[in-house]
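There are 2 protein chains.
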Amino acid sequence: MQELFGEIKSELKVVEEELRKVLQAPDPFITETATHLLNAGGKRLRPAFSLLGGRCGDYSFERVLPLAMALELIHMATLVHDDVVDSAVKRRGVDTVKARWGNKVSTHIGDYLFSKSLILVSRYEEPLISRVLAETSVKMCEGEMLQIVTCYDLNQTVKDYFYRIKRKTALLISASCQLGAAVCRAPSGVAESLRRYGYNLGMAFQITDDILDMVADQDLLGKPVGSDLRQGILTLPAIYALRHSPRRERLFKLISGREQSDGKIGEAIEIIKDCGGIVFAARVGQRFIARAKRALAALPAEPVKETLRLVADYIQTRRY
Amino acid sequence: MQELFGEIKSELKVVEEELRKVLQAPDPFITETATHLLNAGGKRLRPAFSLLGGRCGDYSFERVLPLAMALELIHMATLVHDDVVDSAVKRRGVDTVKARWGNKVSTHIGDYLFSKSLILVSRYEEPLISRVLAETSVKMCEGEMLQIVTCYDLNQTVKDYFYRIKRKTALLISASCQLGAAVCRAPSGVAESLRRYGYNLGMAFQITDDILDMVADQDLLGKPVGSDLRQGILTLPAIYALRHSPRRERLFKLISGREQSDGKIGEAIEIIKDCGGIVFAARVGQRFIARAKRALAALPAEPVKETLRLVADYIQTRRY
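Protein sequences, first through last, are from chains A and B.
One point on numbering: in numbering that gives the first Met the number 0, the residue at position 14 of the first sequence is 13, and numbering is uninterrupted.
One point on numbering: in numbering that gives the first Met the number 0, the residue at position 151 of the second sequence is 150, and numbering is uninterrupted.
With the rest of the complex left out, here is chain A (with noise of 0.2 angstroms):
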């Protein structure tokens, strides 16, 4: 088993190499903003999801590969547009496109990311692949739009939290398991199987990254703490603490006041870990991880489905 992880490592190591190719443009400026991100780093998740799919089946690394390079062009192409309409300025501990070149930049290079991912998706005959990556970046589309809509909506509810996260990240890491099977020729029972697998997995790292955006260490994060409240974007424990908490008149307040200093984020913080917010989507994001467990249970007994498991141990108890 750690051999597989090994082998993955090694596996990663030329889509890294393949992506930086594939991202060499005619004029110098645009290799250069496309690259930017790759060059940032980034725990490739996606692609590592697609390959270790690809092992559920008649696995050929070369058969995975485009895929998992426009997995991670598709996922680049959203954090640069998210960049863009955030004004963030950090990711992953750099600049972020948007601060280093402006939002005329960013918008077309997130275009263009995404882009150079449908060239790799288009090698495809299996209308399957290129159908279920359409259907998932208009569900990611939708899953953005209702994160605006629903920006310092108090109102809001877990459903409709679930709701967003399962279109902004879930189906992503759904799709990435789903079809790394598929281009294998996996049988569509163990590709479905992963599907749920990915699914649940997503629902459960985006709760952990809510988690991290108001308890992680701010050096390891690569961002400010807080920053989702500051951008007016409840998560799942500030959604229960403005139900459970016995200050939560002072929460109402702090968040509808949309505060952004640091003091206010972080007594906003307070209330929200004082009456077990953290702790409630900490558990939610582990009933997650025992349903993606659980969706392993119908695949054939091989090293990789020990793997997929330890994966999904990793995504709740990352720090970062």
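None of these hints come from the bench; they were simulated from the model.
Computed from a predicted model, the values in this text were never measured in an experiment.
A portion of the hints provided could be inaccurate.
Since copy identity is lost for identical chains, a pair holds within one copy or between any two.
Dumping the calculated EDC-like pairs for lysine to aspartate or glutamate here, alpha-carbon to alpha-carbon at most 20 angstroms [to be verified]: (1) Lys292 <-> Asp261; (2) Lys138 <-> Asp26; (3) Lys165 <-> Asp208; (4) Lys292 <-> Glu16; (5) Lys42 <-> Asp152; (6) Lys20 <-> Glu134; (7) Lys165 <-> Asp26; (8) Lys292 <-> Glu191; (9) Lys158 <-> Asp26; (10) Lys12 <-> Glu266; (11) Lys138 <-> Glu31; (12) Lys20 <-> Glu10; (13) Lys165 <-> Glu258; (14) Lys138 <-> Asp216; (15) Lys165 <-> Asp152.
Add chain B to chain A, keeping to what the hints say.
Just chain B now, with coordinates in the frame of chain A:
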């Protein structure tokens, strides 16, 4: 032939209705913003070209419809993203998505429109369709980036301009003609002729657009005259004048001074007109039109061929 135009007109109405249907989203705000540009109208040139292209094959409206819709969605996505970055205020005579809802919404709605096109494209089994559209999308982004890179670049050549407008405009019109034929199983030679027709027509179309930006009636155009110059975008008439005007020193100064006032922009346009910049650009446009018509030579003599010739004439003579 009039009959053919009538047929296309009624088919374009269906395209319009289907576009409206496909943009109905689970959230009313998404529907409103996504249909905003659709409601502003437009020439629907790309769908029309795909319908005409289709008629050079074994025509079926049902076969072309998803492509026609996808082409307009891709075009609309680029317009919405263009408006984000140019901070333009008017488009097709009404507020832009950017002006009404800001950069956040525009970026995501552009992505949404584009992703919707992918779902439509994924219906086709021919790998050519998605491959050509993916490659076209990449090149369109390159064109947009080059437009940023060459802003206020007084040394750019006519060749730079051609390279840029090919990507920005001509390739999507080219793909519209070519793929319309391809989805209707036209022989590859026919599709190739249409590709060349569309490319040359697209070049002429953008040149006319750039001329109109300087000379059109503001009310017909639906946006302020001289908006390219105001943004530092140097088009063919300006590039010509910077070489050939006896007052080119003054023009240099006006452009490099990044003048924004109506008076100064008006003065720059006068200099460009006086030295024959508009006439020169119009002549270059005519050359592309002639090439577009020559590309039709290889097509079988059918009514659609004559229509394509008339369309070429219209492109050159339009006033807005």
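A quick look at each hint next to the structure:
no. : hint              : result
1   : Lys292 <-> Asp261 : neither (39 angstroms within a copy, 65 angstroms between copies)
2   : Lys138 <-> Asp26  : between (32 angstroms within a copy, 12 angstroms between copies)
3   : Lys165 <-> Asp208 : within (13 angstroms within a copy, 43 angstroms between copies)
4   : Lys292 <-> Glu16  : neither (32 angstroms within a copy, 45 angstroms between copies)
5   : Lys42 <-> Asp152  : neither (32 angstroms within a copy, 39 angstroms between copies)
6   : Lys20 <-> Glu134  : between (27 angstroms within a copy, 16 angstroms between copies)
7   : Lys165 <-> Asp26  : between (37 angstroms within a copy, 15 angstroms between copies)
8   : Lys292 <-> Glu191 : within (14 angstroms within a copy, 52 angstroms between copies)
9   : Lys158 <-> Asp26  : between (46 angstroms within a copy, 15 angstroms between copies)
10  : Lys12 <-> Glu266  : neither (42 angstroms within a copy, 56 angstroms between copies)
11  : Lys138 <-> Glu31  : between (30 angstroms within a copy, 16 angstroms between copies)
12  : Lys20 <-> Glu10   : within (15 angstroms within a copy, 43 angstroms between copies)
13  : Lys165 <-> Glu258 : neither (28 angstroms within a copy, 48 angstroms between copies)
14  : Lys138 <-> Asp216 : neither (31 angstroms within a copy, 41 angstroms between copies)
15  : Lys165 <-> Asp152 : within (19 angstroms within a copy, 45 angstroms between copies)
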